[in-house]
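Chemist: First to last, the protein sequences are chains A and B.
Just so we're aligned: 488 in full-length UniProt numbering is position 488 of the first sequence, and the numbers increase by one with no gaps anywhere.
Just so we're aligned: 258 in full-length UniProt numbering is position 258 of the second sequence, and the numbers increase by one with no gaps anywhere.
Calculated from the structure, these hints are not laboratory results.
In this text, a Cβ means the ideal position worked out from N, Cα and C, and glycines have one as well.
Each hint should be verified, as a subset may be incorrect.
Mimicking DSBU-like on lysine-lysine, the simulated pairs with C-alpha atoms at most 35 Å apart in a straight line are [what the hints assert, rightly or not]:
{"#": "1", "chain 1": "A", "residue 1": "Lys-419", "chain 2": "B", "residue 2": "Lys-402"}
{"#": "2", "chain 1": "B", "residue 1": "Lys-386", "chain 2": "B", "residue 2": "Lys-402"}
{"#": "3", "chain 1": "B", "residue 1": "Lys-348", "chain 2": "B", "residue 2": "Lys-402"}
{"#": "4", "chain 1": "B", "residue 1": "Lys-594", "chain 2": "A", "residue 2": "Lys-533"}
{"#": "5", "chain 1": "B", "residue 1": "Lys-419", "chain 2": "B", "residue 2": "Lys-386"}
{"#": "6", "chain 1": "A", "residue 1": "Lys-379", "chain 2": "A", "residue 2": "Lys-419"}
{"#": "7", "chain 1": "A", "residue 1": "Lys-594", "chain 2": "B", "residue 2": "Lys-458"}
{"#": "8", "chain 1": "B", "residue 1": "Lys-458", "chain 2": "B", "residue 2": "Lys-369"}
{"#": "9", "chain 1": "A", "residue 1": "Lys-348", "chain 2": "A", "residue 2": "Lys-386"}
{"#": "10", "chain 1": "A", "residue 1": "Lys-594", "chain 2": "B", "residue 2": "Lys-200"}
{"#": "11", "chain 1": "A", "residue 1": "Lys-594", "chain 2": "B", "residue 2": "Lys-594"}
{"#": "12", "chain 1": "B", "residue 1": "Lys-402", "chain 2": "B", "residue 2": "Lys-419"}
{"#": "13", "chain 1": "A", "residue 1": "Lys-379", "chain 2": "A", "residue 2": "Lys-343"}
{"#": "14", "chain 1": "A", "residue 1": "Lys-419", "chain 2": "A", "residue 2": "Lys-533"}
{"#": "15", "chain 1": "A", "residue 1": "Lys-386", "chain 2": "A", "residue 2": "Lys-402"}
{"#": "16", "chain 1": "B", "residue 1": "Lys-419", "chain 2": "B", "residue 2": "Lys-343"}
{"#": "17", "chain 1": "B", "residue 1": "Lys-160", "chain 2": "A", "residue 2": "Lys-160"}
{"#": "18", "chain 1": "B", "residue 1": "Lys-379", "chain 2": "B", "residue 2": "Lys-348"}
{"#": "19", "chain 1": "B", "residue 1": "Lys-458", "chain 2": "B", "residue 2": "Lys-200"}
{"#": "20", "chain 1": "B", "residue 1": "Lys-419", "chain 2": "A", "residue 2": "Lys-594"}
{"#": "21", "chain 1": "A", "residue 1": "Lys-533", "chain 2": "B", "residue 2": "Lys-200"}
{"#": "22", "chain 1": "A", "residue 1": "Lys-594", "chain 2": "B", "residue 2": "Lys-402"}
{"#": "23", "chain 1": "B", "residue 1": "Lys-402", "chain 2": "B", "residue 2": "Lys-379"}
{"#": "24", "chain 1": "A", "residue 1": "Lys-402", "chain 2": "A", "residue 2": "Lys-348"}
{"#": "25", "chain 1": "A", "residue 1": "Lys-369", "chain 2": "A", "residue 2": "Lys-348"}
{"#": "26", "chain 1": "A", "residue 1": "Lys-419", "chain 2": "A", "residue 2": "Lys-458"}
{"#": "27", "chain 1": "A", "residue 1": "Lys-379", "chain 2": "A", "residue 2": "Lys-369"}
{"#": "28", "chain 1": "B", "residue 1": "Lys-419", "chain 2": "B", "residue 2": "Lys-348"}
{"#": "29", "chain 1": "A", "residue 1": "Lys-369", "chain 2": "A", "residue 2": "Lys-386"}
{"#": "30", "chain 1": "B", "residue 1": "Lys-594", "chain 2": "A", "residue 2": "Lys-458"}
From chain B, some residues computed to sit far from chain A (all C-beta separations above 10 Å) [said to hold, decoys possible]:
{"#": "31", "residue": "Arg-68"}
{"#": "32", "residue": "Pro-177"}
{"#": "33", "residue": "Ala-267"}
{"#": "34", "residue": "Glu-327"}
{"#": "35", "residue": "Lys-343"}
{"#": "36", "residue": "Gln-439"}
{"#": "37", "residue": "Met-561"}
Example chain A residues on the side facing chain B (calculated, C-beta under 10 Å, incomplete) [as the list claims (entries may be wrong)]:
{"#": "38", "residue": "Asp-46"}
{"#": "39", "residue": "Phe-211"}
{"#": "40", "residue": "Gly-219"}
Number of protein chains: 2
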Amino acid sequence: MPLPYHQRTHTCGELRAHHAGQEVILAGWVAHHRDHKGMVFVDLRDRYGMTQLRFGDETPRPVLEEARRLRSEWCICIRGVVAHRGEGNVSPRFYTGELPTGEIEVVVQELEVLSESPPPPFEISDYTSANEEIRLEHRYLDLRRPSLQRNFLIRHRVAKTLRDYFDAHGFVELETPFLTKSTPEGARDFLVPSRLHPGKFFALPQSPQLFKQLFMVAGFDRYVQIVRCFRDEDLRADRQPEFTQLDLEMSFVQTDDVIRMAEGAIAAVFAQVLGYDIPRPVPRLSYQEAMDRFGIDRPDTRFGLELQNVSDLAAQTEFAPFRQAVESGGVVKCIVSSDPGGKVLTRKTIDTLAEELRGIGAGGLPYAKVAADDQGAPKLETGIAKHLAPIAADLLHRVGAKPGDVLWFMPGNYTAVSKYLAYLRLRLGQLLNLMPAQQWNFLWVVDFPLLEWDEEEKRWVSVHHPFTSPQDEDLPLLFSDNSQHWGRIRSKAYDLVLNGVELGGGSIRIHRADVQRRVFQLLGIGEEEAQQKFGFLLQALRYGPPPHGGLAFGLDRIVMMLTGASSLRDVIAFPKTQRGTCPLTGAPSTVAEKQLAELFLRTITPGK
Amino acid sequence: MPLPYHQRTHTCGELRAHHAGQEVILAGWVAHHRDHKGMVFVDLRDRYGMTQLRFGDETPRPVLEEARRLRSEWCICIRGVVAHRGEGNVSPRFYTGELPTGEIEVVVQELEVLSESPPPPFEISDYTSANEEIRLEHRYLDLRRPSLQRNFLIRHRVAKTLRDYFDAHGFVELETPFLTKSTPEGARDFLVPSRLHPGKFFALPQSPQLFKQLFMVAGFDRYVQIVRCFRDEDLRADRQPEFTQLDLEMSFVQTDDVIRMAEGAIAAVFAQVLGYDIPRPVPRLSYQEAMDRFGIDRPDTRFGLELQNVSDLAAQTEFAPFRQAVESGGVVKCIVSSDPGGKVLTRKTIDTLAEELRGIGAGGLPYAKVAADDQGAPKLETGIAKHLAPIAADLLHRVGAKPGDVLWFMPGNYTAVSKYLAYLRLRLGQLLNLMPAQQWNFLWVVDFPLLEWDEEEKRWVSVHHPFTSPQDEDLPLLFSDNSQHWGRIRSKAYDLVLNGVELGGGSIRIHRADVQRRVFQLLGIGEEEAQQKFGFLLQALRYGPPPHGGLAFGLDRIVMMLTGASSLRDVIAFPKTQRGTCPLTGAPSTVAEKQLAELFLRTITPGK
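Just need the whole structure built from these sequences, with the hints factored in.
Modeler: Okay, here's the thing in structure tokens:
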């Protein structure tokens, strides 16, 4: 008589001391099994937890014999009776909360092996040392690991919480097409050949940007979607060719409205998943201030080490790199780091940092250490201290340095100095352990420039996209004929940053035809080109568009932050490798000649 | 001073008599505008409803002048005061419930034109006569129509209700890849060329079938996803190349468990959207009974007109088509339709039906009418009545015909007779008006055959797919060497049918290795072929798979039923035309040579 596995009475995470004496039916996987004094103990695992099974004296002989055959990862069903393990035998992990079933065990009466398994190619454990390729190839086993199960349960909870939140706020989840038109802007599109229209192609969407604006023109007022997006980029460290976005758009709104709504959504998620209340409103920082103070538009504000402008003092020294930087219109900036005892920032570490900086293009890493003079007051020594003598007192006072500090300098043009010091700041943050994992520093970066000068192409380009609205008070700059003003136009764009990671961003869009025309003018996009590139959106924007704006968050990245995962691959069920392949399915793969013939396509061998 | 449109106080569907006297800010679109006795009346529309604006004596002169400029579909914002229209002026549509704001109007004080619009290319109305191509080209205007807005609000509610339901039942929404491997089974794949791996291709998924089974192997226990799927089929009447599926899978279950869960989900949706309680459990019909009684495996059970087998009587006639059918192992079946007064089933209509049946392959449409004899008892006349004389009494008694009925016959082999009579039955149902729109007849069709003989390929093929489990009591047939038995193996597959439309279906999958091997054997799929076609799933099923099963529903079709839409294109925001194109974006389109070069692809001109 087979066991009615479809009538499980409990999951493997459910039984407690008060269930003692109850007859139960459980099903799951053999996580561990051991023979002990003629008995067999099995840890039975499912998505919900782990329960100890005991095959002993009370177990019928043939069942005990069958239990001896059990091996790891066999799928079984049992009927038995819950028993308290007895005081001395309660699992220590029960008391730490790791094993809530650790007080009890199930004394097995009946056993059915539902399916067997060969030994898995790697241990199903969070401590497995198997390489990622093997784990991805057997992803169905990898996904049995409790930490990955947890990641995906959290991912589900995040998506559900977001949907509940936006539904409660009157948003409509609307689906946008996946087979759409290739647009020449942005990243590279994945193409999909059309069989019915030979020689023509669909493209997979990089984002539903254009469609969500159409939804606003259509009057849907509040749109949201959790949606897959695609970018055929060269794969860098932690990128995936397909990724999931939380995408939203609202009509009749200004920046504050979108920001308030988005903050509420993220706060709902953090409260639900971590029980953490994000202090709101989330602080805002202008792009310019972020660049000035942190050298980057997505600063990690969990720690200080801010950039300080010491150009005026630097100009007073004879130190050539400083003088030259200032004289050629650049800057000299400085970071002060504390390293009490000098344990971390050894000579060797400083050399390594300098080497890393040279690797990203810096000329060097001038620094000086702060020691105490006879009176215990700070004084500069080592490094470039001797060059700084004329300004030492002013400098130490200005940057507020104390004995034991290190001063790090960077001379050069503003952009380069920002880049190098932003890098250095993060590295110092890591080395000095200033980035606590459980601290959540949210930050909106606002007031981005609308346009930036592209030195290579010798033209103005959009910092975000050509539909981003300029700020109302900067409209005179936009309509000014003096191109000197154009770089100073600020946009209604905003990015949400968490601990130095950009979670997403968006903008208020242009809804005024005259403003849109002017932006295209400054971008050097003619009528014809605009029609060709953005035809249907421009067409739509003629028909009474409402003022609107929105944003998009990277869902994978949010889940990664919430779970503490170290890679996107730990929060995507079936991810691609860094080479853009799937070791599980073998995708991409060759296809039948017939399939290509139907598409009127021929492949070319590279190099020919 | 521009109006603060982002501080709308109400939507256009919200104001009632009790708001009279309140100052409000509204924003929306000019639906209608008319000058009347020096005043201007505007119907302001948004997603939430319509509100009448009055620009009259109380309106400042310049605002009134500006109001005269307003045209249809301009986007505006106003500030004004709510006023009761007065008893005589309440909209009649207020009393019918069509216009909940019909008691009031807003007396406008301030007006801001947010954006203008040229006259739209078609009237934004549910009564528009514009052709679909034009409407799809300007989909953002088409979507402003109240009926389409409603469809998408319902669609959102359906998806949300399903997600709430499955979340409450412990399902995890897990995302599956879109860039995956092409499989040679099933419909045609859309291919995506890989740039990083020249000559290789991803395929867009036809369904997440394999991945959801992997989730079960991975122990996720209960999976659900609302997910886009893709099929590159030749486009028929109402098909879309991309469509949305509600996809689910459960572990440790049998048929009843999946059916119960799915019924609950559909019931939740119907209760939420229509306030309709589906009587549960939903009736079940075996595949065989459905075929016998309705000639089709997705019968519309809102009406009778069932097929009746009269082969034994037919064999007693001299009517050649009947005798031949029976003698060659076929059947003669009969439908009885009532048409009191004979108003519908005129000679002309009958000729049309016969013509239609010939169009789908039938040889003819033998029929006879039932008249009353002198005693008022039924008797046959017209049509083939004279051939039926010897059996007339038995026949009339058997099928329970009354005067005024028509008897429709079909002789031939079982499959053909089923097909033709199923068609005829539906047509009669339409003609005789037997299919009330607001009646919901749900039905599970179960006990499908596992295998069917493919006469062309001369081999057994799966009715569903090769992972569908046979029924336990039919395992002896499966393992029988007598191939006569194989067609009688019933599977654990089930389809949900609503008013003759298949909403979806699924099955319990095979989790026993020996059963899976045997099924492949009967299908003539060798070890190597199986590995090549289903490699990674077979591999996964080695490692302790749990018993599992699931199903998939077509979400688009469910929404279509709920909204009463007449086409899938009315429930998909940006659908493709029947030629598989998007008139809005122009997709598919040609792409830059550079894009093809990067993919190492060349297009071939058809015909060369």
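Chemist: Next, verify each hint and record whether it holds.
Modeler: Do the hints match the structure? See the list:
no.: 1; hint: Lys-419/A <-> Lys-402/B; in the structure: violated, 92 Å
no.: 2; hint: Lys-386/B <-> Lys-402/B; in the structure: holds, 18 Å
no.: 3; hint: Lys-348/B <-> Lys-402/B; in the structure: holds, 22 Å
no.: 4; hint: Lys-594/B <-> Lys-533/A; in the structure: holds, 17 Å
no.: 5; hint: Lys-419/B <-> Lys-386/B; in the structure: holds, 26 Å
no.: 6; hint: Lys-379/A <-> Lys-419/A; in the structure: holds, 28 Å
no.: 7; hint: Lys-594/A <-> Lys-458/B; in the structure: holds, 23 Å
no.: 8; hint: Lys-458/B <-> Lys-369/B; in the structure: violated, 43 Å
no.: 9; hint: Lys-348/A <-> Lys-386/A; in the structure: holds, 21 Å
no.: 10; hint: Lys-594/A <-> Lys-200/B; in the structure: holds, 14 Å
no.: 11; hint: Lys-594/A <-> Lys-594/B; in the structure: holds, 25 Å
no.: 12; hint: Lys-402/B <-> Lys-419/B; in the structure: holds, 26 Å
no.: 13; hint: Lys-379/A <-> Lys-343/A; in the structure: holds, 19 Å
no.: 14; hint: Lys-419/A <-> Lys-533/A; in the structure: holds, 33 Å
no.: 15; hint: Lys-386/A <-> Lys-402/A; in the structure: holds, 18 Å
no.: 16; hint: Lys-419/B <-> Lys-343/B; in the structure: holds, 27 Å
no.: 17; hint: Lys-160/B <-> Lys-160/A; in the structure: holds, 9 Å
no.: 18; hint: Lys-379/B <-> Lys-348/B; in the structure: holds, 22 Å
no.: 19; hint: Lys-458/B <-> Lys-200/B; in the structure: holds, 33 Å
no.: 20; hint: Lys-419/B <-> Lys-594/A; in the structure: holds, 33 Å
no.: 21; hint: Lys-533/A <-> Lys-200/B; in the structure: holds, 29 Å
no.: 22; hint: Lys-594/A <-> Lys-402/B; in the structure: violated, 58 Å
no.: 23; hint: Lys-402/B <-> Lys-379/B; in the structure: holds, 8 Å
no.: 24; hint: Lys-402/A <-> Lys-348/A; in the structure: holds, 22 Å
no.: 25; hint: Lys-369/A <-> Lys-348/A; in the structure: holds, 14 Å
no.: 26; hint: Lys-419/A <-> Lys-458/A; in the structure: holds, 22 Å
no.: 27; hint: Lys-379/A <-> Lys-369/A; in the structure: holds, 8 Å
no.: 28; hint: Lys-419/B <-> Lys-348/B; in the structure: holds, 23 Å
no.: 29; hint: Lys-369/A <-> Lys-386/A; in the structure: holds, 11 Å
no.: 30; hint: Lys-594/B <-> Lys-458/A; in the structure: holds, 23 Å
no.: 31; hint: Arg-68; in the structure: holds, 17 Å
no.: 32; hint: Pro-177; in the structure: violated, 5 Å
no.: 33; hint: Ala-267; in the structure: holds, 20 Å
no.: 34; hint: Glu-327; in the structure: holds, 44 Å
no.: 35; hint: Lys-343; in the structure: holds, 45 Å
no.: 36; hint: Gln-439; in the structure: holds, 29 Å
no.: 37; hint: Met-561; in the structure: holds, 18 Å
no.: 38; hint: Asp-46; in the structure: holds, 6 Å
no.: 39; hint: Phe-211; in the structure: holds, 6 Å
no.: 40; hint: Gly-219; in the structure: holds, 5 Å
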